[in-house]
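Colleague: Sequence:
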Amino acid sequence: MSQPLDLASVNALDEAAFAEAFGSVFEHFPQAAAGAWAQRPFASVAALHGAMMDVVRKLDAPRQCDFLNLHPQLSARNIRAGTMTADSNAEQKSAGLDAMSVQQEAALDRLNADYQARHGFPFIICVRHYTREGIFAAFERRIGRSTQQELDEALAQIAAITRARLAARLAG
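Going by our numbering, the final residue of the sequence shown carries number 216, and the count climbs one at a time with no gaps.
No lab work stands behind these hints, which were simulated from the structure alone.
Just so you know, even glycine gets a beta-carbon here, dropped at the ideal spot from N, CA and C.
It cannot be assumed that every hint is accurate.
[Unchecked claim] Simulated DEER-style distance windows between Cβ atoms: (1) Ala105 / Ala181: 36 to 44 Å; (2) Asp196 / Gln147: 25 to 33 Å; (3) Gln192 / Asp98: 30 to 38 Å; (4) Asp153 / Asp50: 37 to 45 Å; (5) Pro48 / Ala204: 13 to 21 Å; (6) Ser145 / Gly79: 40 to 48 Å; (7) Val146 / Asp50: 43 to 51 Å.
Just need the whole structure built from these sequences, with the hints factored in.
Modeller: Next comes the structure, spelled out in structure tokens:
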């Protein structure tokens, strides 16, 4: 959708137009938009976002893990290859992950592999809220936590990511 929508316009969208406008807010998970559509009308952008997050929160544990695994690892290689969604690509670039030294790329690759092996899903962080150095520090701080803590943190980070993506699609 090229023009940002206002809330009244969002509430008037039919199911197909709603899916077109918001299906990509959650990484490779248009089901969040599909599930939220039935909750219209939304009193606020926060209510719209909450309805979308509820779809994710109501998934059982194995399906939540599957959902988390739809998210890309933080990686300069992914940015260069263009293998991520446009949103993820822009977000990772905004944190300078496309301008790392060879040593930083190798360190990030190791952290990604260790985190994935320990928790069963990729490290998820709202990169727009961090510098590259802050991302590395968060990785180091979070990698040793319990998988349940990280599942909760990943969902909180996804809420921040998707709140920003949703705001970009809406006027006002």
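Colleague: All the hints need checking, so say for each whether the structure fits it.
Modeller: Status of each hint after checking the structure:
1. Checked against the given bound of 36 to 44 Å, the beta carbons of alanine 105 and alanine 181, roughly 28 Å apart, lie outside it.
2. Distance hint for aspartate 196 and glutamine 147: a CB-CB separation of about 32 Å, consistent with the stated range 25 to 33 Å.
3. Taken as a hint, the range 30 to 38 Å is violated for the pair glutamine 192 and aspartate 98, whose Cβ atoms sit roughly 20 Å apart.
4. A beta carbon spacing of about 43 Å between aspartate 153 and aspartate 50 agrees with the range 37 to 45 Å that was offered as a hint.
5. Taking the beta carbon of each, proline 48 and alanine 204 are about 20 Å apart, inside 13 to 21 Å as hinted.
6. Serine 145 and glycine 79 have their C-beta atoms about 42 Å apart, which keeps the hinted 40 to 48 Å range intact.
7. A hinted range of 43 to 51 Å for the beta carbons of valine 146 and aspartate 50 is consistent with their spacing of about 47 Å.
In the structure shown, a violation is registered for the earlier hints numbered 1 and 3, in ascending order.
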